[in-house]
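As given, the protein sequences belong to chains A and B, one line each in that order. In the working numbering, each residue carries its 1-based index in the first sequence increased by 165. In the working numbering, each residue carries its 1-based index in the second sequence increased by 90.
The set of hints was computed from the structure by calculation and includes no laboratory data. Only a predicted model underlies this, so the values are computations on that prediction, with no experimental measurement involved. We put the beta carbon where it would ideally sit given N, CA and C, even for glycine. Where hints are given, some of them may not hold.
Said to hold, decoys possible - Have a look at the derived ranges for each label pair, beta carbon to beta carbon: (1) VAL296/B / ARG813/A: 55 to 65 Å; (2) LYS579/A / GLY379/B: 48 to 58 Å; (3) ASP100/B / HIS835/A: 30 to 40 Å; (4) ARG813/A / ALA387/B: 30 to 40 Å; (5) ALA831/A / LYS289/B: 39 to 49 Å; (6) GLU245/B / ALA309/A: 22 to 32 Å; (7) ALA275/B / ARG772/A: 25 to 35 Å; (8) HIS830/A / ALA378/B: 37 to 47 Å.
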Amino acid sequence: MKFDTPATTNPIDQMKVVGKPTNRIEGPLKTTGTATYAYEHHDVAANQAYGYVVGAAIAKGRIASMNLADAQAAPGVIAIVTADNAGKLDKGNFNTAKLLGGPAIDHYHQAIALVVAESFEQARAAASLVRVEYSRSKGSYDLAAALDTAITPPTVFGTAADTSVGDFATAFAATPVQLDARYTTPDHTHAMMEPHASIAAWDGDRLTLWTSNQMIAWSVGDMAKTLGIAKENIRLVSPYIGGGFGGKLFVRTDAVLAALGARAAGRPVKVALPRPLMINNTTHRPATIQRIRIGAAADGKITAIGHESWSGDLPGGGPETAVAQTRLLYAGANRMTAMRLAVLDLPEGNAMRAPGEAPGLMALEIAMDEMAEKLGMDPVAFRVLNDTQVDPEKPERPFSQRRLNECLQTGAEKFGWSKRGKPGATRDGRWLVGMGVAAAFRNNLNAKSAARVRLDKSGTVTVETDMTDIGTGSYTIIAQTAAEMMGVPLDKVVVRLGDSSFPVSAGSGGQWGANSSTAGVYAACAKLRDAVVQRLGLASDAVFADGKVKAGKRSFALGEAAAGGELVAEDMMEYGDLAEKFQQSTFGAHFVEVGVDAMTGEIRVRRMLAVCAAGRILNPKAARSQVIGAMTMGAGSALMEELAVDKRFGFFVNHDLAGYEVPVHADIPHQDVIFLEESDPTTSPMKAKGVGELGICGVAAAVANAVHNATGVRVRNYPVTLDKLLDKLPDSV
Amino acid sequence: MKSFTYERVDTPAAATAAFARTPGARFIAGGTNLLDLMKLEIETPPHLIDVSHIALDKIEATPEGGLRIGAMVRNTDLASDARVRRDYGLLTRALVAGASGQLRNKATTAGNLLQRTRCPYFYDTNQPCNKRKPGSGCAAIGGFNRLHAVVGASEACIATHPSDMAVAMRALDATVETVDAGGKARAIPIADFYRAPAKTPHLETVLAPGELITAVTLPRPVGGTHIYHKVRDRASYAFALISVGVIVQRDGTGRVALGGVGYKPWRVEGAEAALPRGARPVVDGLLAGAKTTHENAYKLPLVERTLAGVLAQAKG
Ligand SMILES: Cc1cc2nc3c(=O)[nH]c(=O)nc-3n(C[C@H](O)[C@H](O)[C@H](O)COP(=O)(O)OP(=O)(O)OC[C@H]3O[C@@H](n4cnc5c(N)ncnc54)[C@H](O)[C@@H]3O)c2cc1C
Ligand code: SF4
Numbered sequence: 166m167k168f169d170t171p172a173t174t175n176p177i178d179q180m181k182v183v184g185k186p187t188n189r190i191e192g193p194l195k196t197t198g199t200a201t202y203a204y205e206h207h208d209v210a211a212n213q214a215y216g217y218v219v220g221a222a223i224a225k226g227r228i229a230s231m232n233l234a235d236a237q238a239a240p241g242v243i244a245i246v247t248a249d250n251a252g253k254l255d256k257g258n259f260n261t262a263k264l265l266g267g268p269a270i271d272h273y274h275q276a277i278a279l280v281v282a283e284s285f286e287q288a289r290a291a292a293s294l295v296r297v298e299y300s301r302s303k304g305s306y307d308l309a310a311a312l313d314t315a316i317t318p319p320t321v322f323g324t325a326a327d328t329s330v331g332d333f334a335t336a337f338a339a340t341p342v343q344l345d346a347r348y349t350t351p352d353h354t355h356a357m358m359e360p361h362a363s364i365a366a367w368d369g370d371r372l373t374l375w376t377s378n379q380m381i382a383w384s385v386g387d388m389a390k391t392l393g394i395a396k397e398n399i400r401l402v403s404p405y406i407g408g409g410f411g412g413k414l415f416v417r418t419d420a421v422l423a424a425l426g427a428r429a430a431g432r433p434v435k436v437a438l439p440r441p442l443m444i445n446n447t448t449h450r451p452a453t454i455q456r457i458r459i460g461a462a463a464d465g466k467i468t469a470i471g472h473e474s475w476s477g478d479l480p481g482g483g484p485e486t487a488v489a490q491t492r493l494l495y496a497g498a499n500r501m502t503a504m505r506l507a508v509l510d511l512p513e514g515n516a517m518r519a520p521g522e523a524p525g526l527m528a529l530e531i532a533m534d535e536m537a538e539k540l541g542m543d544p545v546a547f548r549v550l551n552d553t554q555v556d557p558e559k560p561e562r563p564f565s566q567r568r569l570n571e572c573l574q575t576g577a578e579k580f581g582w583s584k585r586g587k588p589g590a591t592r593d594g595r596w597l598v599g600m601g602v603a604a605a606f607r608n609n610l611n612a613k614s615a616a617r618v619r620l621d622k623s624g625t626v627t628v629e630t631d632m633t634d635i636g637t638g639s640y641t642i643i644a645q646t647a648a649e650m651m652g653v654p655l656d657k658v659v660v661r662l663g664d665s666s667f668p669v670s671a672g673s674g675g676q677w678g679a680n681s682s683t684a685g686v687y688a689a690c691a692k693l694r695d696a697v698v699q700r701l702g703l704a705s706d707a708v709f710a711d712g713k714v715k716a717g718k719r720s721f722a723l724g725e726a727a728a729g730g731e732l733v734a735e736d737m738m739e740y741g742d743l744a745e746k747f748q749q750s751t752f753g754a755h756f757v758e759v760g761v762d763a764m765t766g767e768i769r770v771r772r773m774l775a776v777c778a779a780g781r782i783l784n785p786k787a788a789r790s791q792v793i794g795a796m797t798m799g800a801g802s803a804l805m806e807e808l809a810v811d812k813r814f815g816f817f818v819n820h821d822l823a824g825y826e827v828p829v830h831a832d833i834p835h836q837d838v839i840f841l842e843e844s845d846p847t848t849s850p851m852k853a854k855g856v857g858e859l860g861i862c863g864v865a866a867a868v869a870n871a872v873h874n875a876t877g878v879r880v881r882n883y884p885v886t887l888d889k890l891l892d893k894l895p896d897s898v
Numbered sequence: 091m092k093s094f095t096y097e098r099v100d101t102p103a104a105a106t107a108a109f110a111r112t113p114g115a116r117f118i119a120g121g122t123n124l125l126d127l128m129k130l131e132i133e134t135p136p137h138l139i140d141v142s143h144i145a146l147d148k149i150e151a152t153p154e155g156g157l158r159i160g161a162m163v164r165n166t167d168l169a170s171d172a173r174v175r176r177d178y179g180l181l182t183r184a185l186v187a188g189a190s191g192q193l194r195n196k197a198t199t200a201g202n203l204l205q206r207t208r209c210p211y212f213y214d215t216n217q218p219c220n221k222r223k224p225g226s227g228c229a230a231i232g233g234f235n236r237l238h239a240v241v242g243a244s245e246a247c248i249a250t251h252p253s254d255m256a257v258a259m260r261a262l263d264a265t266v267e268t269v270d271a272g273g274k275a276r277a278i279p280i281a282d283f284y285r286a287p288a289k290t291p292h293l294e295t296v297l298a299p300g301e302l303i304t305a306v307t308l309p310r311p312v313g314g315t316h317i318y319h320k321v322r323d324r325a326s327y328a329f330a331l332i333s334v335g336v337i338v339q340r341d342g343t344g345r346v347a348l349g350g351v352g353y354k355p356w357r358v359e360g361a362e363a364a365l366p367r368g369a370r371p372v373v374d375g376l377l378a379g380a381k382t383t384h385e386n387a388y389k390l391p392l393v394e395r396t397l398a399g400v401l402a403q404a405k406g
């Protein structure tokens, strides 16, 4: 099915199942510990051995020598895989550094060996007996120091590194009210609960990989490329994923080394990355240095806006697209954005929840707060004034829908924004109290997505697609979609996901999964409806409802259409150019209240509210959970998350969850989410958009702005920790 | 983790005898620290002597009017003991500020005193660390050291002792009771228990190899208002950036001990006379000779401000 004109009325609009707050259909499996995660497929292949990854001890250089004798002689050891004996390996399209390093080392904890043994403990013990001598080379590990060497990167995801409209420099110079400020965001790690893990089993030249992966088809492709085998010979299975946040978009060490280990051992091998290895071995959200210039007329209208961002990556990597939102978020006739990329020999950077917008808004939305302050305007009113209903770089392109102002105004009212005091003026005992606001913005992306649906004689509808559920609720919205389309209750739908033998879906990433994958299911169900109508000899306007198909006076139980054998339909939703004609984005507003201990500078969030306008909300319950989780992650990036870079040795030092702090329950006392009623006919027949990444966008800035309102102290370098406030706080309680 | 052998003992004498038989062995109590370190091969004992079943799990009144806390009393039980809560509130507050409920259920009094530093370089066996590998250097000096010591450190090591409980024990003038491999018992004031890093940061206490902690005793209660303020970036489940424990009497006199600033819970009795005059004069004495890095200099004003806040709170 091709979606190239805006949707009209369709069965989803009935909203009998879609749009209802719905418990996860796989929830009981998860809460009873019976959903099988990657490392837990104990029964799929007999005789599984255990692999343990050895990570490089240096950031850059070469392996001078590697002695495997002690490890090989250790109890239980079956095989050891290294670059020396692994045979020829290619690199996946989505990988920057090789997943098995040596003799050249590209980054700290790059895998250099896999030790396979009878037990996990034996593999781990033997791994430490692999003796390696290195010769170190000098590397570049300090973004600030590498700024001068940064280059203009090639086009990123179809967008140029630089954009420019009007004459920014002249216009900015002429504005009466100006801001020119520098902001920094640190490296972040995904810190999802389930580590990267895979079990590999070979049957001749055919590989089956049970793994934890967000993008099944990409990863089949990259496994095939890396190993030099045909895609058809790989089956990848990933039914449940314990969080990914972008960290599992790609094939990683666990998958490749499990496959190589299984080949070397001649039996199935399972590999999980231990937590202390994950942070330097896999991808992370790169640090940025950002410069923002905003110029406005005295009435508050922005006339010039410029945003530049510097980030670093390994050679061949890409920039963090932190200026993306600034191209679209606020009006202003004269504008410029630029991204620069330095070579850093740290582990490779890549996507983490809302790549680009998350760090970009961390900076831009403080800048907007600073501008409002300079103008003597309320930060909500300043944003509302500078709204645009068209793409400011291409004014002929309207937004398909844009209700940012309503998000801001609704939130202000619900949150009690009018009670916000002057900076440093509100006290509650020893706490300095402040409120902050920020806009949330993230583009909606659609990707083609296919599904297969089966109808059996009991009237059960089974959906198969390689879509993944990374904890987001894909199982449930797909079931809701099929139930709505086929006119059956939710318990008559079975959903099977995450298997490369199913039709290729959009996968989970970039908040494109919900709308795209359900649109694919819509297409397949539309085909199945045709097949049902045809089989039963009904008119094409037959109504599917209550487990029945009715046309005129004739009515059948749905299952009757499959009486003579299962009906199967498969289709893919593809997209025309609506996303070019219309700018499709999601919007929100975050409101945060913080307390800052007047003496210690400790910052604690007291309340959070998000108001989101993100198209049709397919499952308000799951969407709320997504936004609440994203707000929590945003609070973490505001207040504590930072990978500490050792600029001498070139690695992230705090590489476990004791050192890399993420929020705990006590950090997040009260959160609320409001979704504005919306449906966007330009996005798909589902009229939905993404929401899982919108939720994090802007949160950190709202927290930082609240800290400023509480204390009068402006912190432009994240995370906002007490050491950055201390010398500016009042002298006594 | 290296393979190891294991035995369980049920008397202190059996524990020290087992040690005499198996050089290099380690006692294991709750295991919440030692096992983590073994998995990472920071500690590689060939033999473990499980002392957690020795009947050292009671809290008893002493003839002097204090309490004798068995070495195997769990942190949860110690924190919730009615006498401790009434008379040694600082200890309860420090304990519950540490780790998590599950960990405190396992962690013991002796194990808590002997937990090792949380310096991230100590945890990464690829990195130089004099504490883990004597003579290899100290990666934290010149590296990531926002959490490190500002007093008592040496050029060999700037690690802090991470225990919250020990801060309260220090303010309360606790005494550590031990028995050594020869069966000889001794009592070590907690002020003398931890060794300065100097050139040998791998030697952390005055305990001899195989010396078993049997109890920690507290002297008679001293009354006063007990406050423990642990400062950290997140609200729970994090080690202290710094912590301040105070016992303040009605007349403004009292005691102060600090966590997160040095290799041991930090107390300077001589500085306490200044308490009635406020935080600044106390801190001048308490942190005299402090040496900071560009990343941890904030700890000095933080200690002073936290102490000032705590003293204001004590006044009510
Ligand atoms: C995630 C996490 C968070 C934590 N957070 C905090 C925190 O915020 N604040 C805090 O204070 N602590 C914290 N801790 C540390 C915790 O308090 C210690 O791990 C615990 O107190 C150690 O006690 P244990 O009985 O488990 O010791 P074990 O791990 O069994 O032993 C520790 C050491 O003591 C030795 N030992 C044990 N018993 C004896 C004995 N009787 N005589 C001689 N030697 C003995 C062992 O040989 C070993 O060297 C945390 C720990 C973890 C894992
Ligand atoms: S501070 Fe101490 S523990 Fe940390 S690296 Fe230096 S020597 Fe090791």
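Status of each hint after checking the structure:
{"no.": "1", "hint": "VAL296/B / ARG813/A: 55 to 65 Å", "in the structure": "34 Å, violated"}
{"no.": "2", "hint": "LYS579/A / GLY379/B: 48 to 58 Å", "in the structure": "54 Å, holds"}
{"no.": "3", "hint": "ASP100/B / HIS835/A: 30 to 40 Å", "in the structure": "50 Å, violated"}
{"no.": "4", "hint": "ARG813/A / ALA387/B: 30 to 40 Å", "in the structure": "20 Å, violated"}
{"no.": "5", "hint": "ALA831/A / LYS289/B: 39 to 49 Å", "in the structure": "41 Å, holds"}
{"no.": "6", "hint": "GLU245/B / ALA309/A: 22 to 32 Å", "in the structure": "28 Å, holds"}
{"no.": "7", "hint": "ALA275/B / ARG772/A: 25 to 35 Å", "in the structure": "56 Å, violated"}
{"no.": "8", "hint": "HIS830/A / ALA378/B: 37 to 47 Å", "in the structure": "40 Å, holds"}
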